[in-house]
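Engineer: Residues per chain are reported as follows:
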Amino acid sequence: MLARVQLPPAAKRGEVIEVRITIQHPMETGFRYELGGKPIPKNVINRLVARYNGAEIFSAEMGSGIAANPYLSFFTVADASGEFLFEWVDDEGNRGEEHATLTVVA
Amino acid sequence: MKTPARRRFVALLAGLAAVPLLPFRAARAQADPFTALLKQVTGGATVRPGRVIVDTPRLADNGHSVPLTVSVESPMTAADHVRSITLLSERNPRPVMATFYLGPKSGRAQVTTRVRLNGSQRVRAVAQLSDGSWWSGDAEVEVTESACLDAS
Amino acid sequence: MSAALLLAVASAASAAEPRKPSPLKSGIEFTGESARSLQSDDFANPGMLWVARGERLWNESAGRGGKSCAGCHGDAAGSMKGVAARYPKVDPGAARLIDLEGRINLCRERSQQAAPLAHESDALLALTAYVAHQSRGMPLAVTVDWQNRADFERGRELYHRRIGQMNLACTHCHDRNWGRNLGPETISQGHGNAFPAYRLEWQSIGSLQRRIRACYYGLRAEMPSYGAKDLLDLELYLAWRAGGLPVETPGVRR
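Listed in order, the protein sequences are those of chains A, B and C. Heads up: the first sequence begins at 1 in this note's numbering, then just goes up one per residue. Heads up: the second sequence begins at 1 in this note's numbering, then just goes up one per residue. Heads up: the third sequence begins at 1 in this note's numbering, then just goes up one per residue.
Warning: the hint list may mix true and false statements.
[Stated by the list, open to error] The list that follows gives simulated cross-link-like pairs (lysine-lysine, BS3-like), each with its CA atoms no further than 30 Å apart: (1) Lys-105(B) to Lys-12(A); (2) Lys-42(A) to Lys-39(B); (3) Lys-81(C) to Lys-20(C); (4) Lys-229(C) to Lys-81(C); (5) Lys-81(C) to Lys-67(C); (6) Lys-39(B) to Lys-105(B).
[As the list claims (entries may be wrong)] Derived DEER-like restraints, expressed as beta-carbon distance ranges: (7) Lys-25(C) to Glu-87(A): 41 to 49 Å; (8) Asp-75(C) to Ser-120(B): 41 to 49 Å; (9) Gly-37(A) to Asp-42(C): 36 to 44 Å; (10) Gly-43(B) to Lys-81(C): 56 to 64 Å.
[As the list claims (entries may be wrong)] Only part of the chain A face toward chain B is listed, based on derived beta-carbon distances under 10 Å: (11) Glu-18; (12) Arg-20; (13) Phe-31; (14) Tyr-52; (15) Ala-55; (16) Ala-78.
If you are wondering where the hints come from, they were derived from the structure by calculation, not from laboratory data. Owing to the predicted nature of the structure, the values given are computational and were not obtained by experimental measurement. Idealized CB from N, CA, C, for every residue including glycine.
Take the sequences, apply the hints, and build the full model.
Structural biologist: The structure is reproduced here in structure tokens:
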């Protein structure tokens, strides 16, 4: 699943930074129909977890009320340079992940 | 009608008018969809309006994608922070839209996303703090193009 | 009587002159606040997901040739700059009018020995959006000359032809009534400079042909098939009509 992550290029230790992620996914509601009347089954990203240097900093449980190609922005305290790991799964069991690096200066 | 019969008839009408309307009022109060939803989310705990701000456009361009920012006043320290924020819809077929889990590492209790709204309605965000208390904030959105049940 | 004749000739002559709306305004000016903010935020703009995918596809090898777009064209930011602003145009090899999607598929067939990508497929939308994005900010500038004059005149005629149960032509909304409200929407001038665009209604990015087909649907007219000559001719007329407006791909619209 294609995803894009945005972190600031660098941060000062202790600075509160914005983390943004957007994922290409139809977030199919289950209320739509194909031509011919066949219902399209529900399939949404139902869980997303964000980790920063291994510690969970944010997670989301989502439903069909979240718009297609979901977008999330949240905040975290930049304490050390390191890796961000984002993992998510949809109703069909498809998993996605994305990495990003943050440089933290004193 | 003879006069005494008419008097009795009028008295009967007056008597009926005095019947208390309490059952009907109670039914209307329970019609607020958020009441049952909040119970589902908080397990019956008291939810106090305040500290939670829901920022959405007053008029949505399209119900399929409505930007929404929810923020909660909180120092976000280990001792005092927001644990979770749940987004509730008044009119969507699935009223619990999302739950976000935060913590002391968050720094700021603010989440932005894009939601689907099935028609004009209120959106309510309910936040649980680290001390176990629950707070809520509402926003009202006009939606001319509905999402969810419009199969076009 | 001669005065009436002169008047008739004069009005016939002005009907023959192709007209552009004045002042020329992109669809971004008629769309809502959140669509505008989304378009101006390169991260939040959902169309950029397809541009990102297009960048990956640009660098992937395809077909029997095993070549990637990058193999011939190098860095798209350089080689594709200005390209989208000149489409639709006549491809000399194919000797027919093609749009950007058509050109990408011709490249796949000729140079990569790969099967053409299906209309409105994720891959074709991604590549088209990626290529068009390299011209973002540049003014649309199609050439109408002896090669495509007939196509242009057909496009103009189609633009002014009443269709569907509504019995309306493009011109009725997009020339005579732009800026007015139709239901919850404000009618735009009908330009394609932001396409492929992410339409909130579609919950996806989509081509200009898809948008034109949606207009046919709105007028309760039979929609031309993807790739139909009618759609190509209309695209040419629209591109001429929007001349000077900047490419905005990927645009965000309602």
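Engineer: Now look at each hint and say whether the structure bears it out.
Structural biologist: Hint by hint, here is what the structure shows:
no. : hint                                : in the structure
1   : Lys-105(B) to Lys-12(A)             : holds, 15 Å
2   : Lys-42(A) to Lys-39(B)              : holds, 26 Å
3   : Lys-81(C) to Lys-20(C)              : holds, 26 Å
4   : Lys-229(C) to Lys-81(C)             : holds, 27 Å
5   : Lys-81(C) to Lys-67(C)              : holds, 21 Å
6   : Lys-39(B) to Lys-105(B)             : holds, 29 Å
7   : Lys-25(C) to Glu-87(A): 41 to 49 Å  : holds, 44 Å
8   : Asp-75(C) to Ser-120(B): 41 to 49 Å : holds, 48 Å
9   : Gly-37(A) to Asp-42(C): 36 to 44 Å  : holds, 39 Å
10  : Gly-43(B) to Lys-81(C): 56 to 64 Å  : holds, 59 Å
11  : Glu-18                              : holds, 9 Å
12  : Arg-20                              : holds, 8 Å
13  : Phe-31                              : holds, 5 Å
14  : Tyr-52                              : holds, 7 Å
15  : Ala-55                              : holds, 7 Å
16  : Ala-78                              : holds, 8 Å
This entry satisfies every hint, going by the numbered hints stated previously.
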